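Trainee: Go by the hints and put chain B onto chain A.
Protein chains in written order, with the working numbering: chain A, 261 to 444; chain B, 261 to 444.
Because the hints were derived from the structure by calculation, they are not lab data. Among these hints, one or two may not hold up.
Heads up, the list lumps identical chains together, so a pair's fine if it works in one copy or across two of them.
[Stated by the list, open to error] Straight line, CA to CA, 27 Å or less: simulated BS3-like cross-link-like pairs of lysine-lysine:
1) K302 / K411
2) K386 / K275
3) K373 / K337
4) K337 / K411
5) K275 / K357
6) K337 / K275
7) K302 / K386
8) K386 / K337
9) K337 / K302
10) K375 / K337
11) K375 / K302
12) K337 / K357
13) K373 / K406
14) K275 / K411
15) K357 / K411
In this text the structure is predicted, and so the values were computed from the model without any measurement.
2 protein chains.
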Amino acid sequence: MRLYVGLVHYPVYNKNAQVIASAITTLDLHDLARLSKTYDIKEFYVITPLANQQSLAERVRRHWTEGYGAGYNRDRKEAMELIRVVESLTRAATSIKEREGESPLLIATDASKQKERSLSYEAARKIIEGGRAVLLVFGTAWGLEKEVMGKADYILEPICGRTGYRHLSVRTAAAIVLDRLAGR
Amino acid sequence: MRLYVGLVHYPVYNKNAQVIASAITTLDLHDLARLSKTYDIKEFYVITPLANQQSLAERVRRHWTEGYGAGYNRDRKEAMELIRVVESLTRAATSIKEREGESPLLIATDASKQKERSLSYEAARKIIEGGRAVLLVFGTAWGLEKEVMGKADYILEPICGRTGYRHLSVRTAAAIVLDRLAGR
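Bound conformation, chain A alone (with noise of 0.2 Å):
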């Protein structure tokens, strides 16, 4: 399994639809680090052009996997040692590439449902256990701007649930979409 997971801050949209770079929730860096380990993705890209925002993804990282954290807490600075900070998706894409030797199919993560390019979870299981590299996007705020969807090879099918309601925070999203694709 060749699974990378991408956490994008810029561009994604307000609750207004204005595009925005959102501001960092530290708390997603810890959940999103430790279902990345849980189900054994490669690298966790926090995607942020702002550089203020870089320096506190940055540092949190390195309080647990350097800092203090690294001794107070093992499980979790295995899970953090995950992350890497980078300035967009097209770098985190690149990343992959020089890793991979190819450039990781796109994925991207919508709380609506698609006409073009959906992809069902049986369908992306398949890829992904067929050993094809992945970067799965997901988007912060109100969810990954038109543009980025746009590059993406394909669009995850929304999470369903019994009600239809879809507002889920991106860090409970993320962890049912990876039991899903990547559960045992």
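Mentor: Using the frame of chain A, we list chain B on its own:
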């Protein structure tokens, strides 16, 4: 489906295996309420015996169901309305009994595999789909205290990812468990 969720703040363990009452994490209230709405949970019990922590949870609930938040985000309102703040697990079970006419089956969750009363996801799903009233409980901090575990009818299998790493946040663990037990 008559499924209820409980988030237990006492009695739970701290890092040093001492029994404590953990602090409310307001973000967990949001995440579990949104999951509850997604997976058609009847009520989401926030369990703590500490008066100031009960007040905090009630204040968060009211902000989003009656206060400014109710108008600001109507989707969140629908989710936060599922929150019930109670002082103990016993009180949660009694409340469900009053509503359902039967005591709920108590299913506890744990990050470690149990020797006794262990329940697979498949078996748990069958019980829930069979229509039995069920209270599914999650521990905060370092997990549910052993007396609470002793009272449970069943203990759900731990989440198995791909690596054996079992250190998820309660938010993301609850997401995975609810998707496995109540997802379509």
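Trainee: Does each hint fit the structure? Answer for all of them.
Mentor: Hints and how they fare:
Proximity of K302 and K411 under a CA criterion of 27 Å is satisfied intra-copy only: 22 Å inside one chain copy versus 40 Å between copies. In the homo-oligomer, the alpha carbons of K386 and K275 never lie at most 27 Å apart, since the shortest distance is 35 Å inside one protomer and 39 Å across protomers. For a Cα distance limit of 27 Å, the shortest separation of K373 from K337 across copies, 23 Å, qualifies, whereas the shortest one inside one copy, 36 Å, does not. Taking CA atoms no more than 27 Å apart as the test, K337 paired with K411 passes in neither setting, with 33 Å inside one copy and 34 Å between copies.
For the identical chains of this complex, K275 and K357 are neighbours neither inside a copy (34 Å) nor across copies (40 Å), given an alpha-carbon limit of 27 Å. For the identical chains of this complex, K337 and K275 are inter-copy neighbours only, at 16 Å across copies versus 34 Å inside a copy, given an alpha-carbon limit of 27 Å. Taking CA atoms no more than 27 Å apart as the test, K302 paired with K386 passes inside one copy only; the shortest distance there is 18 Å, against 35 Å between copies. Within a single copy, K386 and K337 get their C-alpha atoms no closer than 31 Å, and across copies no closer than 38 Å, so neither meets the 27 Å cut-off.
Proximity of K337 and K302 under a CA criterion of 27 Å is satisfied intra-copy only: 15 Å inside one chain copy versus 37 Å between copies. For the identical chains of this complex, K375 and K337 are neighbours neither inside a copy (41 Å) nor across copies (29 Å), given an alpha-carbon limit of 27 Å. Taking the closest pair of Cα atoms, K375 and K302 never come within 27 Å of each other, the shortest separation being 30 Å inside a single copy and 33 Å across copies. Only within a single protomer do K337 and K357 lie at most 27 Å apart by alpha-carbon distance; the minimum there is 26 Å, versus 43 Å between protomers.
In the homo-oligomer, the alpha carbons of K373 and K406 lie at most 27 Å apart inside one protomer (14 Å), although the nearest pairing across protomers, at 43 Å, exceeds that limit. Taking the shortest alpha-carbon separations for K275 and K411, only the intra-copy value of 23 Å comes in at or below 27 Å, while the best inter-copy value is 44 Å. Taking the shortest alpha-carbon separations for K357 and K411, only the intra-copy value of 16 Å comes in at or below 27 Å, while the best inter-copy value is 52 Å.
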